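Participant: These are the residues of each chain, in order.
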Amino acid sequence: GQQVMQIPQYQHVQEGEDFTTYCNSSTTLSNIQWYKQRPGGHPVFLIQLVKSGEVKKQKRLTFQFGEAKKNSSLHITATQTTDVGTYFCAGKAGTALIFGKGTTLSVSS
Amino acid sequence: DTGVSQDPRHKITKRGQNVTFRCDPISEHNRLYWYRQTLGQGPEFLTYFQNEAQLEKSRLLSDRFSAERPKGSFSTLEIQRTEQGDSAMYLCASSADSNSPLHFGNGTRLTVT
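One line per chain: the protein sequences are A and B, in this order. Everything in the first sequence is counted per the working numbering, starting at 1 for the first residue and increasing by one. Everything in the second sequence is counted per the working numbering, starting at 1001 for the first residue and increasing by one.
These are computed hints drawn from the structure, not numbers from a lab. Treat each hint with caution, since some may be false.
[What the hints assert, rightly or not] Here are the simulated DSBU-like cross-link-like pairs (lysine-lysine), alpha carbons at most 30 Å apart as the crow flies:
#1 B:Lys1071 - A:Lys101
#2 B:Lys1011 - B:Lys1071
#3 A:Lys70 - B:Lys1057
As the structure is a prediction and not an experimental result, all values here were calculated from the model.
Looking at chain B on its own, in the form it has when it is part of the complex (with noise of 0.2 Å):
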């Protein structure tokens, strides 16, 4: 079990610079969740994908994010003109079916000055 990986680890942007994060899932898992943590709160929803299916997105979700799954395997999150509260843990998680616990990656921290 190789787990799910991200990359970076860490990202320090400029306010208005776009970023783009990776994440690799489990490899037979056809589930992939996106959340976002910040300090003291729990993980929130973002979106998530069933194989290269998009299948929601919060409505908290501001249209600067973008979030795709290709190929069903790995997926990228972009948000564009970034501002600084969107600095926090970006966190991608992957699992077998929708019944099944997530998995979730080390998570790629964000810092936007």
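Just chain A, same shape as in the assembly (with noise of 0.2 Å):
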């Protein structure tokens, strides 16, 4: 079946670093969708991507979505506390939303 697989499953970043996640399906995607789950909360959805070579950015934030439409990636500029969170990939080959592990960020300032 379908998977979808990140790395680093954790990342430890002084305040200030940059910081990247990638994502890796086995199946080429529809779309691929980015959440951040704060401790304690929910998942929280950040974006979506459809388009393979897709790029967008949200303030401090840049996702991409591979051109074969089998990879993403999360990079994260100059990283704050209010960063700390589990950020997931979920993507769509077929009718349900499959999500990876995630990577957990902790920030020291």
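Once you've looked at the hints, go ahead and assemble the two chains, each given alone in its own frame, into the complex.
Facilitator: And the structure:
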């Protein structure tokens, strides 16, 4: 079945450093979505990418969708303590949205 | 936007008991999803509905699990003969259509002792 893999599983950075998480799918995706889950909270939608090679930015966050629509990345520039949480990618090949295991980001000031 | 609400927030039960959870989606959303999440893992897909029709169930979903959405509004998830391995956070989400993002509820945390 469809699998979505994310690396790294954990990342610790100093405030102000950059952070990147990578997402790979075993199958071609129709779209990919990114969610953020704060400790003790529920996943919250960040963005959806649909087109091959698409790049979208939200302030310090940059999202990319690979040319083959099988991989994606999220890059955070100059991390802040408010960026702490777990970032999930979720891919859709058929009907169900399948989540990766997430990358947990911790930031020390 | 009242959001997705789930009830109860926490449930502690003994192994072998049946439990039922409820989810009220955002009112205009016709898609409703159930996911399960354990510590350190991403949400694991269980099943989803479009209106009252259950369109897909995970192959990993035991036949002890059943979900309903009788009038296309709220949904219930029942687990029969609970096992310790069922302990997890059960998340409900809704979306406006197949291409819209998911809005998650706060979840029901199940502990099976």
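Participant: None of the hints should be skipped; say for each whether it holds.
Facilitator: Status of each hint after checking the structure:
no.	hint	result
1	B:Lys1071 - A:Lys101	violated (33 Å)
2	B:Lys1011 - B:Lys1071	holds (25 Å)
3	A:Lys70 - B:Lys1057	holds (24 Å)
In summary, the one numbered hint that this structure violates is 1.
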